[in-house]
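Engineer: Okay, here's what each chain looks like letter by letter:
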Amino acid sequence: MQITSPAFKENSRQALSDAQLQKALGNVRSGFIDKRQNSIDALPEFDALRDSARAIKDHTLAHLDLYLESYEEKVKKAGGYVHWAETAADARNIILEICRSAGARTVTKGKSMITEEIGLNEFLEKEGVRPVETDLGEYIIQLRGEHPSHIIAPAVHLTQEQVEADFRRVHDHLPVARDLSEPESLLAEARRVLRYRYFQADVGITGANFLVAETGSSIIVTNEGNGDLTQILPRVHVVVASIEKILPTLEDVGQILRVLARSATGQDMSVYTTVSTGPRRPGDPDGPEEYHVVLVDNGRSSMLGTEFQDMLRCIRCGACMNHCPVYHAVGGHAYGWVYPGPMGAVLTPSLVGVEKAGHLPNASTFCGRCESVCPMRIPLPKMMRHWREREFSRGLNPATQRYGLRAWAMVAKRPKLYRFATSIGIPLLSFFKGRKGSFHYLPLAGGWTRHRELPAPEGRTFMQQWRDRDVRKQEAVA
Amino acid sequence: MQEDVKKKNPRVGLFVTCLVDLFRPTVGFASVKLLEDAGCEVEVPMAQTCCGQPAYNSGDRSDTIEIAKNTIETFEGYDYVVAPSGSCAGMLKKHYPGLFKGDAHWEARAAAFSARVHELVSFLVDVMGVKDVAVAHAGSVTYHDSCSGLRELGIREQPRRLLSSIAGLKLQEMRDADTCCGFGGTFCVKYPDISNRIVEEKTANIRATGAETLLAGDLGCLMNMAGKLQRQGADVKVRHVAEVLAGMVDGPAIGKDKR
Numbered sequence: 001m002q003i004t005s006p007a008f009k010e011n012s013r014q015a016l017s018d019a020q021l022q023k024a025l026g027n028v029r030s031g032f033i034d035k036r037q038n039s040i041d042a043l044p045e046f047d048a049l050r051d052s053a054r055a056i057k058d059h060t061l062a063h064l065d066l067y068l069e070s071y072e073e074k075v076k077k078a079g080g081y082v083h084w085a086e087t088a089a090d091a092r093n094i095i096l097e098i099c100r101s102a103g104a105r106t107v108t109k110g111k112s113m114i115t116e117e118i119g120l121n122e123f124l125e126k127e128g129v130r131p132v133e134t135d136l137g138e139y140i141i142q143l144r145g146e147h148p149s150h151i152i153a154p155a156v157h158l159t160q161e162q163v164e165a166d167f168r169r170v171h172d173h174l175p176v177a178r179d180l181s182e183p184e185s186l187l188a189e190a191r192r193v194l195r196y197r198y199f200q201a202d203v204g205i206t207g208a209n210f211l212v213a214e215t216g217s218s219i220i221v222t223n224e225g226n227g228d229l230t231q232i233l234p235r236v237h238v239v240v241a242s243i244e245k246i247l248p249t250l251e252d253v254g255q256i257l258r259v260l261a262r263s264a265t266g267q268d269m270s271v272y273t274t275v276s277t278g279p280r281r282p283g284d285p286d287g288p289e290e291y292h293v294v295l296v297d298n299g300r301s302s303m304l305g306t307e308f309q310d311m312l313r314c315i316r317c318g319a320c321m322n323h324c325p326v327y328h329a330v331g332g333h334a335y336g337w338v339y340p341g342p343m344g345a346v347l348t349p350s351l352v353g354v355e356k357a358g359h360l361p362n363a364s365t366f367c368g369r370c371e372s373v374c375p376m377r378i379p380l381p382k383m384m385r386h387w388r389e390r391e392f393s394r395g396l397n398p399a400t401q402r403y404g405l406r407a408w409a410m411v412a413k414r415p416k417l418y419r420f421a422t423s424i425g426i427p428l429l430s431f432f433k434g435r436k437g438s439f440h441y442l443p444l445a446g447g448w449t450r451h452r453e454l455p456a457p458e459g460r461t462f463m464q465q466w467r468d469r470d471v472r473k474q475e476a477v478a
Numbered sequence: 001m002q003e004d005v006k007k008k009n010p011r012v013g014l015f016v017t018c019l020v021d022l023f024r025p026t027v028g029f030a031s032v033k034l035l036e037d038a039g040c041e042v043e044v045p046m047a048q049t050c051c052g053q054p055a056y057n058s059g060d061r062s063d064t065i066e067i068a069k070n071t072i073e074t075f076e077g078y079d080y081v082v083a084p085s086g087s088c089a090g091m092l093k094k095h096y097p098g099l100f101k102g103d104a105h106w107e108a109r110a111a112a113f114s115a116r117v118h119e120l121v122s123f124l125v126d127v128m129g130v131k132d133v134a135v136a137h138a139g140s141v142t143y144h145d146s147c148s149g150l151r152e153l154g155i156r157e158q159p160r161r162l163l164s165s166i167a168g169l170k171l172q173e174m175r176d177a178d179t180c181c182g183f184g185g186t187f188c189v190k191y192p193d194i195s196n197r198i199v200e201e202k203t204a205n206i207r208a209t210g211a212e213t214l215l216a217g218d219l220g221c222l223m224n225m226a227g228k229l230q231r232q233g234a235d236v237k238v239r240h241v242a243e244v245l246a247g248m249v250d251g252p253a254i255g256k257d258k259r
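If you're matching them up, the sequences are chains A and B in order. 1 is the number of the first residue of the first sequence in full-length UniProt numbering; add one for each residue after it. 1 is the number of the first residue of the second sequence in full-length UniProt numbering; add one for each residue after it.
What you were told as hints is all true, and nothing was included just to trick you.
Computed footprint of chain A on chain B; a stretch qualifies when at least three of its residues, placed anywhere within it, have a C-beta under 8 Å from a C-beta of chain A:
#1 20 to 26
#2 34 to 48
#3 61 to 74
#4 146 to 158
#5 193 to 200
#6 217 to 229
If you're looking for bench data, these hints aren't it; they were derived computationally from the structure. Virtual Cβ for every residue (Gly too), placed ideally from N, Cα, C.
Same shape as in the complex, but just chain B (with noise of 0.2 Å):
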C-alpha cells in the first residue's frame, strides 16, 4: 500500500508464526495488544501454518513453493501482515518473490504480498509512527538483535526506541549484541556442538551486562539463548520484546517454572 493512501485504523493479518503459536502464545496475544493500541484492526488468519524456512533452507524449494503459495493467499486482502519475528518477515518479505521467478503470475502476487509484509516492532515505529508505549517496567533488560531482522530488514533502532519510553527501563546493551546467537533454525540441531559454541559466546556478554531479562524479537533465538543460560543456571529471564512493550510479563519467563 502506498504511503499516500495509508488508514489510520488499517486492517492487519497478524502471521502468528509456529514458534509462537505453537510455544510461546503470549507473544501472540502481545503482538495483538500493540497492534491495537496502534489502532490496527488485527485479525489471524486460520489457514497460515509456517513461513517455510525448515524447507527453504534445507534446499527443498518445492515444498518452500507450496507452503508460500498458502500463506500468500491467506493474506490477500489485507493492508498489512505483520510477524512478531524478523526472520519469518525476512522470509516473506525478501524470499518469497524469489521462489517464482518465471512463473508471472505468481510473481506478481508474491511481490504485492511481501511489499505489505512487515515485522511487529518496525511496523509500530516506521508505519503507524508510534514513539512510546505507556507500560512501566522496573528492572534492566538487554537486547539480542536477531540476524535476519537486523540484517535483512533493518530492524536496530525501534526496539531500542520504544523500549526506551518504558518508565523504570534501563537498557543495559551487551558486547556484540548483533552477534549471531548460534540458533539458525535447523543448523542448531545439524551442528549441536558448533551451536553451543556460538551460544556460550552470547551469554558469556549477555550474563557480563547484569541485566535481569533478556530481549529480543525471535523467538527462536530467544529460546536458544533461554535453553542455555538456564542450562547454564544463570538467573536471567528471557522474554520476547513484545511482552515488556505490551506490559504482559506477569506469566514465567521463556522455560521458567510456573510459580
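The shape of chain A in the complex, shown without the other chains (with noise of 0.2 Å):
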C-alpha cells in the first residue's frame, strides 16, 4: 500500500475535521479501556503473567535462528512446506506461485496484518486471483476499497450507518426493504454472503498470532470463526507469518494466551483457538490437503541486536493505541501506513524508513499509557525517542527545530547566561502583558495560541525574586 505517512499532519487535520470519523472514534475511547480494566482486575497474577511473557519473547528472539529452524523442521515432518521471505516482494511471489499451481482463482482470506505489510491484495488481483476478506471488519474494509485503521478491530473506524450504506451499494441482489438497523444483522449477512465464497475458494490464506517450534504448529485466535473455516475449507491452506511469531512451545503459547484477549477485547480468551500442524492426514474428516508456510523477515532480523529488539516481542494486541490520546484524536489512517499508533510509531520507521515516517515516533505526548498497558512491557516511548535521536543525529527534523532547540540548549548549558537572559526577558514579556494575566496572541508562539491563550509570567523570575529575598536576610542579619 502506498505510504502516505510523510503527510500525517495533513491527515490528522482532515482527520480531525471528520465528523463521522470523530463520532467512530469515540467508541474507542469508551470500549476497550473499561473492558480490559475489567478483566485485569479479575486476574491479580496478571503483572505476574507479562513478566513471564516478556521473558518467553526474550529468550526466543535470543535463539531466533534455532527455534525457527527446529520449527521449519517440524512443519515438514508434518507433511507441509516451509518458504523464506526475505522480502515483501519474496513473500508475494512465493505466495503467488502457490495460488499458481494451485490453479485459484479465489482465495478467501483470514484476518492477517502482515499480508496488509507485505500488500498481498493489490498484488494477487493485478495478476488475476481475487482475494476475499471473511473477517468481517475486513470484509467491510475491503468493499469499501480502504486497509484497516486498526490493528484488531479494522474498521473501527467506520460508523454502523455507513456499513449499512456499503451493504446496501454492494449487496445489490438482496431485497432493498430488508432490515439492517442492528450490528447483528448486518453480521447475518456477511455471514450469507462469505459462506458462498468458502466454497468457491481454491486457497484458503492465514497469518498466525503464534508458531509453535516444538511441534510445527500455526496458531490463530479469532472471534468468528471465518478464519477456522478459510483455512479448513480450500484444497490448500496457506500461512503468512513474521519470524518473530515463532515460541518455542505449546505451554509457552498457552502463558502470551493468558495475557492477549485480555489485553485486546477485554476476554479472558477470544472465541476460536485453532491449532493447525501439516495438510489433512489419511483418515482425517478434513483440512487442507497442501499446507504451506511463508516465513516473512522483511527488515526484522536488522532489529534484532538494536535498540529496537524489544518491539519485536509485540503479540499484536492493540491495547497501545486503544490507550493513546493521540491514536484516539485522529485514528489509525492518518498514520499512513500498516501499522497505528505506538506500535506503529516504532515498528514503521523500522520498516519503512525514518526518512519516510520520521512523524510517527514525534506524534507522541510520551504520555507513556502505552507501555504501562502492553502485555509484552515494550518500552514504546523510549524507542520513540530512539528513533528521535536518530533522526536528529541524521538532521532530518526541521531546521526552525534544530535551531531553535540548539540556540535554547546553548543558553541552557550556561547557568549564567540562563540567569542573564531570563532576567531580561522574563520581566520584558510581563511588562508587555501589562494587568492581563495571558496572551492570546504572541510571534514565535502561533502554535500555542491558535488553539489556547498563553499564561504570562507572573512578574519577575523565580530566581530573581530568590536572590533578593537572600540579600534582604544577609542585610538584617548584618
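With the hints as a guide, bring both chains together as one complex.
Structural biologist: Below you can see the structure in the form of C-alpha cells.
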C-alpha cells in the first residue's frame, strides 16, 4: 500500500475535521479501555504473567535462528512446506506461485496484518487471483477499498450507518426493504454472502498469532470462526507469518494467550483458538490437502541486536493504540501505513525507514500510557525517543526546530547566561502583558496561541525574587 | 540516602524547574514553604537551569548530557533534590542515569544523584511523612494526574491525601483524570491541532465536574489546560497543587488578570 506517513500532519487535519470518524473514534475511547481493565482486575496474577510473557519472548528472540529451524523441520515432518521470504516482494511471489500451481482464481483470507504489510491483496488482484476477506471488519473495508485503521478492529473508523450503506450498495441482489438497523443483522448478512465464497475458494490464506517450534503448528486466535473456515475448506492452506511469531512450546503459547485477549478485547480468551499442524492426514475428516508456511522477515532481522529489538516482542493486541490519546484524536489511517498508534510509531520507521515515517515517533506526548498497558512490557516511548535521536543525528527534523533547539540548549547549558537572559526576557514579557494574565497572541508562539491563551509570566523570575530575599536576609543579619 | 540514616531536618536543594522559575514563581515559594513546614532546610542553587527534557525528547542527546552534568554537579551535597513537577523529577530520577551508559564515572554520579530526587508532593508524604496541611480552602477542586508523575513516579494518592486534609476543600474527581492533557512538551507546538483535540477532551471532563478550581502537579500541563479553558471562556481557576497546599492563593490563578 502507498505510504502517506510523510503527510501525517495533513492526514491528521483531515481526520480531526471528519465528523463521522470522530464519532466512530468515540467508541474506541469508551469501549476497549474499560473492558480491558475489568478483565485484568479479575486476574490478580496479570502483572506476573506479563513478566513471564516478556521473558518467554526475550528468550525466543535470543535464539530465534534455532527455534525457526526447529519449527521448519517439524512442519516438514508433518507434511507441510516452509518458504523463507526475505522481503515483501519475495513473500508475494511465493504466495502467487502457490496460488498458480493450485489453479486458484479465488482465495479466502483470514484477518492478517502481515498480508497488509506485504501488500498481498492488490498484488493478487493484479495477477488475476481474487482475494476475499472473511473477517467482518476486513470484509467491510475491502468493500470500501480501504485499509485497516486498527490492528485488531480494522473497521473501527466506521460507524454502523456507513456499513449499512455499503452493504446496500454492494449486496444489490438482496431485497431493498430488508432490515439492517442492528449490528446482528449486518453480521448475519455478511455471513450469508461469505458462506458461498468459502466453497468457491481454492486457497485459504491466514496469518498466525503464534508459530510453535516444538510441534510445527501455527495458531490463530479469532472471534468469528471465519479463520477456521478459511483454513479448513479450501484445498490449500497458506500461513503467512513474520519470523518473530515463533514460540518454543505450546506451554509458552498458553502463557501468552492469557495476556493477549485480555489486553486486546478484555475477553479471558478469544472465541476460537485454532491450532493447525500440517495438511490433512489419512483418516482426518477434513483439512487442507496442502499446507504451506511463508516466513516473512521484511526488515525484522535487522532490528535484532539494536535498541529496537524489544519491539519484536509485540503480539499485536492493540492495547497501546486503544489507550493512546493521539490515536483517539486522529484514528489509524492518519499514520499513513499498515501499523498505527504507538506500536506503529516504533515499527513503521523500522520497516519503511525513518525518512518516510519520521512524524510517527514524534507525534507522541510521551504520556506513557501505551507502555503501562503493554502486555509484553515494550518500552514504546523510549524507542520512539531512539527514533528521534536517529533523526536528530542525521539532521532529518525541520531546520526551524533544530535551530530553535540549539539556541535554547546553548543558553540552558550556561547557567550564568541563562540567568542573565531570563532576568531580562521574562520581566520584559511580563511588562508587555500589563494587567492581563495571558496573551491571546504572541509572535513565534503561534502553535500555542492558535488554540489556547498563553498564560503570561507573573512578573520577575523566581530566581530574581529569591536572590533579593537572600540579600535582604543578609542585610538584616548585618 | 538510606532510610536508616534519615535526618529530621534534611538539607533540600530545590529544583525550581524552568517553567516555575519563568512563569509561576508563586509555585516556587509555595514549595519552599511546604518543605520548610515539613522541617527541611531549603536552598535554591543559582546554577540550575532546566532538566533538559526539551533536548532529550527532541533526540538531542549530547546537549542533554551537558545539561544533565550541570544539574548533577549543582545538586551534589544535598540530602534530597526536590522539584514541584512530576515531569522534571521523572527526568532527573528515571532518565539521567541512562544518559551516561558506558561512562562509569558519570553513571555512578548520576545514579547517586537520581536516588535523592523526588517530586514535591510525594516527597512530603512518602519521605517526610506529612499527613496533613494546616490551611483552609473553601471550595471545590478537581485534580488532574500528570502523566510522568503518575506513570514514572507512581504519584496518585499523595496529592489527594494532602488535599483531603484541607478544611473546606471538596475534591470532585473528573472522568479520565489519568488521561494526558495533550501538552507533551514540544508536542503541543509541533502538532498543535492534535494537542488541541486532546485538551478539548480534557477540559470537557474538567468542566463536567463543576469544580471551581483545577489542580495538578505540573506547570506545563496546567498552562495548557488553563490556556484552553480561558480560550473557551470557562470560569475555572487553575493552580498548581502546591499553591493550595501552602495556602498561597491570594494572587491571580494561572493566566488570570490581576484584580
